[in-house]
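> Note that the protein sequences, when read in sequence, are chains D and Y.
Letter by letter, the first sequence follows residues 820 to 958 in the numbering used here.
Letter by letter, the second sequence follows residues 820 to 958 in the numbering used here.
No wet-lab data here; the hints were simulated from the structure.
Any given hint could be a false lead.
On the chain D side, residues computed to face chain Y include the following (Cβ under 7 Å) [to be verified]: (1) 880; (2) 903; (3) 916; (4) 947; (5) 949.
Take a look, some chain Y residues computed to stay more than 10 Å from chain D by CB distance [claimed, not checked]: (6) 836; (7) 837; (8) 838; (9) 839; (10) 840; (11) 841; (12) 850; (13) 852; (14) 896; (15) 925; (16) 927; (17) 949.
Every value quoted in this text rests on a predicted model; they were computed, and no experiment measured them.
Where a beta carbon is used, it is the ideal one built from N, C-alpha and C, also for glycine.
Number of protein chains: 2
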Amino acid sequence: MEGHHIELTPVGTVESALTDSASAPKQGDEGAPDAWLAFEPAVGAALDGLRPGDEILVLTWLHLADRDVLRVHPRGDATRPETGVFSTRSPDRPNPIGLHRVEVATVESTRVRVRGLEAVDGTPVVDVKPVLSGDAGER
Amino acid sequence: MEGHHIELTPVGTVESALTDSASAPKQGDEGAPDAWLAFEPAVGAALDGLRPGDEILVLTWLHLADRDVLRVHPRGDATRPETGVFSTRSPDRPNPIGLHRVEVATVESTRVRVRGLEAVDGTPVVDVKPVLSGDAGER
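Same shape as in the complex, but just chain D (with noise of 0.2 Å):
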């Protein structure tokens, strides 16, 4: 690895009645509960523009992962052969970053209820970006 090391700020946190990871759904359209994004008060100025209906992806730090993992059977079935982490959505790999797509319920101040999401309560979230048709299929 590098030498340098570059350090992420939570800017909020997620609250959700998943707490335990192994029985959370692996992705948000498989069954996730809706959830709240509880921001920092000092980041408050960045949710300006954020509406119920806007499509999202929300970026977390997955803080239960395994961060040495490289390879992995996909979606943990032993019966598929190993691949690297990188061509997987693994949560075990060197920079266990979530990627999650959702929509937005509500919007109350800092706090934003979210529809869909896979991440386990207390899970960091590090950014909001919006869905831009480039991100898949329809570029």
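Fit chain Y to the known structure of chain D by using the hints.
Positioned in the frame of chain D, the structure of chain Y alone reads:
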């Protein structure tokens, strides 16, 4: 901001003809050049399974960004009203993580050539993920 911090470790570096962030395209589909991702040998196993033609999300650390910016004119256009950075793709934001959707052109050991990357030469790479259909509108 919260008291705890998170340390990212670069897993590679962008090698690109783009050297000036001011003239760089704002999105990869706006005329960005092909580029090399030069990965650290220590994470080589994480690349196993990556093949030409794969559509991937490259996560970078936008090291030239201003982390104190919370509101911007979208796309730097002063005629557009200021909005919170979480509703824009501005590189200036509290945690300037770049999200780039690109196609893999070539894999040569720990060097991966990708098409249309809008990051400047020397940008740290922090993660690579496969594109899922749920990442944009077709979920």
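> Would you mind marking each hint as holding or not holding in the structure?
For each hint, the structure was consulted:
1. With a least beta-carbon distance of about 5 Å to chain Y, the hint placing residue 880 of chain D at the interface is held under the 7 Å criterion.
2. A cut of 7 Å between beta carbons decides the hint on residue 903 of chain D: the least distance to chain Y is about 4 Å, and the hint holds.
3. For the restraint placing residue 916 of chain D at the interface with chain Y, the shortest Cβ-Cβ distance is roughly 5 Å, inside the 7 Å limit, so the hint holds.
4. Because the beta carbon of residue 947 of chain D sits about 4 Å from the nearest beta carbon in chain Y, less than 7 Å, this interface hint is met.
5. For residue 949 of chain D, the interface hint holds, since its Cβ comes within 7 Å of a Cβ in chain Y; the closest pair sits about 6 Å apart.
6. Every Cβ of chain D is farther than 10 Å from the Cβ of residue 836 of chain Y; the closest lies at roughly 21 Å, confirming the non-interface assignment.
7. No beta-carbon of chain D comes within 10 Å of the beta-carbon of residue 837 of chain Y; the shortest separation is about 18 Å.
8. For residue 838 of chain Y, the shortest C-beta to C-beta distance to chain D comes to about 19 Å, beyond the 10 Å cut-off, and the non-interface label holds.
9. Non-interface call for residue 839 of chain Y relative to chain D: holds, since the shortest CB-CB distance, roughly 22 Å, exceeds 10 Å.
10. Here residue 840 of chain Y stays apart from chain D, with its beta-carbon at least about 17 Å from theirs, past the 10 Å limit.
11. Against the 10 Å criterion, residue 841 of chain Y stays outside the reach of chain D, whose nearest CB is about 21 Å from its own CB.
12. The claim that residue 850 of chain Y lies off the interface holds: its Cβ sits roughly 13 Å from the closest Cβ of chain D, which is beyond the 10 Å cut-off.
13. No Cβ of chain D comes within 10 Å of the Cβ of residue 852 of chain Y; the nearest lies about 16 Å off, and the non-interface call holds.
14. For residue 896 of chain Y, the condition that its CB be more than 10 Å from all CB atoms of chain D holds, with the nearest at approximately 15 Å.
15. Against chain D, the non-interface label of residue 925 of chain Y holds: every CB pair exceeds 10 Å, the least being about 15 Å.
16. With a least CB separation of 15 Å from chain D, residue 927 of chain Y remains clear of the 10 Å interface cut-off, as annotated.
17. Non-interface status of residue 949 of chain Y relative to chain D is broken: a Cβ of that chain comes within 10 Å, the nearest being about 6 Å off.
Taken one by one, the earlier hints fail for this structure only at number 17.
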